[in-house]
Amino acid sequence: MAQKRVAIVGAGIAGLVAGLELASAGFAVEILERAAQPGGKMRHIPIGDARIDGGPTVFTMRWVFDDIFAAAGARLEDHLKLTPLEILARHAWSETERLDLFADIERSADAIGRFAGAAEARGYREFCARAKRVYGALERPFIRADRPSPLALVRGTGLSGMGDLLAVSPFATLWAALGEHFRDPRLRQLFGRYSTYVGSSPFRCPATLMLIAHVEQNGVWSVEGGMHRVARAIGELARKKGATIRYNAHVAKIRTAQSRVCGVTLEDGTEIEADAVVSAADVAALSTGRFGPAVRRAALGAAPAQRSLSAVTWATVARCEGFPLLRHNVFFARDYPAEFDAIFKRGEIPAEATVYICAQDRGDAAPDEAGAPAKERLLCLINAPAKGDTHAFDEAEIEKCRASMLALLKRCGLTLTIEPQATVATSPRGFEQLFPATGGALYGQASHGWMASFQRPSAHSKIPGLHLAGGSVHPGAGVPMAALSGRLAAQSVRAQFGSMSPSHKTATRGGTRTA
139 MAQKRVAIVG AGIAGLVAGL ELASAGFAVE ILERAAQPGG KMRHIPIGDA RIDGGPTVFT
199 MRWVFDDIFA AAGARLEDHL KLTPLEILAR HAWSETERLD LFADIERSAD AIGRFAGAAE
259 ARGYREFCAR AKRVYGALER PFIRADRPSP LALVRGTGLS GMGDLLAVSP FATLWAALGE
319 HFRDPRLRQL FGRYSTYVGS SPFRCPATLM LIAHVEQNGV WSVEGGMHRV ARAIGELARK
379 KGATIRYNAH VAKIRTAQSR VCGVTLEDGT EIEADAVVSA ADVAALSTGR FGPAVRRAAL
439 GAAPAQRSLS AVTWATVARC EGFPLLRHNV FFARDYPAEF DAIFKRGEIP AEATVYICAQ
499 DRGDAAPDEA GAPAKERLLC LINAPAKGDT HAFDEAEIEK CRASMLALLK RCGLTLTIEP
559 QATVATSPRG FEQLFPATGG ALYGQASHGW MASFQRPSAH SKIPGLHLAG GSVHPGAGVP
619 MAALSGRLAA QSVRAQFGSM SPSHKTATRG GTRTA
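In our numbering, the protein residues as written are 139 to 653.
Keep in mind that the hints were calculated from the coordinates and are not lab data.
Built from N, CA and C at the ideal position, the CB exists for glycine as well.
Heads up, a few of these hints could be off.
[What the hints assert, rightly or not] When the alpha-carbon atoms are kept at most 25 Å apart in a straight line, the in silico BS3-like pairs for lysine-lysine are as follows:
#1 Lys538 - Lys483
#2 Lys219 - Lys378
#3 Lys513 - Lys538
#4 Lys548 - Lys513
#5 Lys391 - Lys600
#6 Lys378 - Lys391
#7 Lys219 - Lys379
[What the hints assert, rightly or not] DEER-style ranges, computed between Cβ atoms:
#8 Asp499 - Ala545: 48 to 54 Å
#9 Ala633 - Glu533: 47 to 53 Å
#10 Arg549 - Thr426: 40 to 46 Å
Input sequences plus hints: build the corresponding full structure.
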């Protein structure tokens, strides 16, 4: 049997994982990336000699990547150096209100007890137990499944698992569920923030998202070289397995013949023949015609009203004074409901927005003032509405955001000196330019309402030969979930040809011509 050719659109984490798995299975794989580097949202931003992670900064669910490397006959630890963090994050509400969460539940409970009282510590332990049950109920029938549905979820759980399934509380919001465990509004705010990991509001997303707390409790690692190194490591392994990765290769069209996918056309006119195509771009790029009219019906992307959060970010080399930053830090706004109302109801950047800072030169322990670096690499982020395709987000608006951010940090005890020449700001307009047709949404469709998670497209599109991967498809947003989507897309391609390991002895890679 001739070797089957697969073109993959996008070298984000999903496209890279799909390419690695398919190349390992003997397919002729060509990964096409419009940017000059791999990673998609896991990008490195250069500022002078510094390289700053400008996208995801938290590495969790290590087992996903252990499995990916093992399936390719490799070991994760031979390609990436990971350091487990004892402190998951440092949180601040003011100069005197600070709370660390630890990888150890009892250490966190003790810290919460000192911060908010013994009753809240008990509530935290109960919340952790509930989050664990939710994760356990959903891992196999939802997270690992290729086409989950409410009925399939019930069938997959069985009678013995109905108790855990009921703990999922799909019809309650995360905010309401948190109220069953915490009376202190600051703690509801802290754990409600997990909804933003998938670009959603804690006041609208289902309580099922408490499983993210369990995911973090199972381990957060820092990656030597940054998160972008994860993408490079997977790309390097894919190449060793025979995949080709082509950068600055902008796919303008996914072509069909006789109602089946037959290849792609690049912006420069180059045509690449393929027996299957994996689109690892946002599904909205398909449904809005960015890849041509023939594949618009492949899957339905998020409508503007359904979009997840976007962000304003500042990648910077800056001076920090007065606050003991760790690797991961969160500085909370005073009015959490107002923050999400501004974004999701009015489509505005909040007047005061919660700030996340990844201090990329730090780990678990904050150095004393004498040992702190004079300047250090930071990614600062606030949430914003995904309207980068209809709103300019001009310099004046971004400067106003920066001033508001610095004022909030100052209130929490951190003086941050940001120099324009050592800073790269990215707004929803910038993210729209990087990821067209999204409006800058970073997580596909928001997880608002109990059905939202089941509405994401699966790896199987409506066009024969076209398969889907990425954070806008099942199982959802976030680095490990996008990686799992890449595995599901590879599985879908293999199923298309009815064989897990097609022959790769009789064909050449070929199939490319220039118009």
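Verification of the hints:
no.: 1; hint: Lys538 - Lys483; in the structure: 20 Å, holds
no.: 2; hint: Lys219 - Lys378; in the structure: 20 Å, holds
no.: 3; hint: Lys513 - Lys538; in the structure: 23 Å, holds
no.: 4; hint: Lys548 - Lys513; in the structure: 17 Å, holds
no.: 5; hint: Lys391 - Lys600; in the structure: 17 Å, holds
no.: 6; hint: Lys378 - Lys391; in the structure: 28 Å, violated
no.: 7; hint: Lys219 - Lys379; in the structure: 21 Å, holds
no.: 8; hint: Asp499 - Ala545: 48 to 54 Å; in the structure: 24 Å, violated
no.: 9; hint: Ala633 - Glu533: 47 to 53 Å; in the structure: 50 Å, holds
no.: 10; hint: Arg549 - Thr426: 40 to 46 Å; in the structure: 41 Å, holds
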